[in-house]
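Novice: Below, each chain spelled out in residue letters.
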Amino acid sequence: MKRHQTIQHLLFGVIILIALFFVFKIYFIFQSNLKVSTVSTFSTMNGNIFLNSFNRSANWLFDLFHFNHLRYQAKNLEEENVNLLFQLTQLKNLEEENLVLKEAFNLKEETGWHLLPAQVILIDPTGLSGQFWINQGQNSGLKSGMNVILENQVLVGILKECFKDYCRGESIFAPQTKIGVEDIESRVLAVLEKDNRGRYLLKLVPQEAKIEIGALLVTSHENTNFLPGLLVAKVKDIIPSSNVLKEYILEPLFTKNQLSSVFVITDFIPSNAAFY
Amino acid sequence: MLRFIKNSCLFFLICLFQIYFEGSFFIRPVADFLLIFLIFSFFDFPFFYLALLLLARGLVFDTLSGLTWGTNLFSLFFSFGIGFLLTLFLERDNFLSKIIIGESIINIYFLIIFISNLLISHSNLWFIILIDALINASLYLILQIFKHHAFQKKFS
Chain A
1236 MKRHQTIQHL LFGVIILIAL FFVFKIYFIF QSNLKVSTVS TFSTMNGNIF LNSFNRSANW
1296 LFDLFHFNHL RYQAKNLEEE NVNLLFQLTQ LKNLEEENLV LKEAFNLKEE TGWHLLPAQV
1356 ILIDPTGLSG QFWINQGQNS GLKSGMNVIL ENQVLVGILK ECFKDYCRGE SIFAPQTKIG
1416 VEDIESRVLA VLEKDNRGRY LLKLVPQEAK IEIGALLVTS HENTNFLPGL LVAKVKDIIP
1476 SSNVLKEYIL EPLFTKNQLS SVFVITDFIP SNAAFY
Chain B
361 MLRFIKNSCL FFLICLFQIY FEGSFFIRPV ADFLLIFLIF SFFDFPFFYL ALLLLARGLV
421 FDTLSGLTWG TNLFSLFFSF GIGFLLTLFL ERDNFLSKII IGESIINIYF LIIFISNLLI
481 SHSNLWFIIL IDALINASLY LILQIFKHHA FQKKFS
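Residue numbers (my numbering), protein chains in the order written: chain A, 1236 to 1511; chain B, 361 to 516.
Since the hints were derived computationally from the structure, they do not count as laboratory data. Ideal Cβ placement from N, Cα and C applies to all residues, glycine included. Some hints here could point you the wrong way.
[As the list claims (entries may be wrong)] Non-contacting residues of chain B with respect to chain A, defined by C-beta distances greater than 12 angstroms in every case (computed): (1) F364; (2) I365; (3) R452.
[Unchecked claim] Computed Cβ-Cβ distance ranges for the label pairs, DEER-style: (4) A/R1432 / B/L503: 24 to 30 angstroms; (5) A/R1432 / B/L370: 29 to 35 angstroms; (6) B/A510 / A/I1264: 42 to 48 angstroms; (7) A/Q1354 / B/F487: 29 to 35 angstroms; (8) A/H1301 / B/I502: 20 to 26 angstroms; (9) B/I365 / A/N1374: 33 to 39 angstroms; (10) B/I365 / A/E1457: 55 to 61 angstroms; (11) A/L1351 / B/L479: 34 to 40 angstroms; (12) B/I495 / A/N1374: 35 to 41 angstroms; (13) A/F1256 / B/I365: 28 to 34 angstroms.
Produce the complete structure using the sequences and hints provided.
Specialist: Written out as structure tokens, the structure is:
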């Protein structure tokens, strides 16, 4: 009787394993079809009233839970306002600085990029890859490798995979991201890297380099995957170190809430297929 | 039949919540409510029904996460398979067994994600995956204790 039961259990196990084998085989065969249908299902839900009201509630709850942070921010803003009043006297210097920044930012007019607007419809729910989906695809002429930016020329990431109506992109926050960057003011070249805590670090900065807190960083000419001059991040803090090379902590120039609409630069496709 | 419909509706709602509100553009630890919901369902529903939910969850997360295709589905089936084997040795209805099995599922799931990230993606995300595992294991523990106390109050 016991032997009979064992045989039954074994048979059951073998059947389950065979079934799983076929499920996985079908799953891998129909990979792209499954991807497109999943994205289209969720993207159609994205704009409905039910989710919008949920979104508003989520924002309200976010404000409630971050009340102290908001109050702290308001206090900081007040202090900053006072500082700014003093800084008005230094308007002339600021004007000059502004001209330098404008030169760096107005790349669109200089290079004549073709921009295609798109909406970010879905983002990575696991928080591990920094992936996002946009509502434009091969039908709009998009190809993998194209750069994705915000309206103020802040670099968001790069397109990795394009389907008929959708594209999957990878943000600059993806693991193992390495971007060659340049400080706008001091023109110091360095490398942006992510560490295992998800922090964004500026590495390989020479000890004699003078990069100030708050300095803006743009993509440098060394990158093969990114157009030069795209804004990436600003310097948040310095990491105290006795090494020959300095390291800084960086802060991204965009927040999650800003990422509803993006632009794809359609006339730049990197020749190198291995991104990052 | 009604409980299956209720459960799948709840699964769908939590799935939407996870995708639209927990979705992360920046790499950061995330509380995986859907995984915890699946573990709770694991104790009350047959494995074949659960397999369908696992398939749906794997499909959605494999699509949206951008991790190597099949990573999520394989991790889910493997960890819940181990959970199923554990039920052969431990009681399904016992509070402590539920905690041991649930925690094992969470840890095995994140261990596979950790290994696949290391071997397939070659990415250095061990810290975030570790925090993910800790957050989800603690959340599951709290919810299980809460549920246990709620049931005890109800029947006392």
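Novice: Hint by hint, which ones does this structure get wrong, listed from lowest number up?
Specialist: Hint check: nothing fails, all pass.
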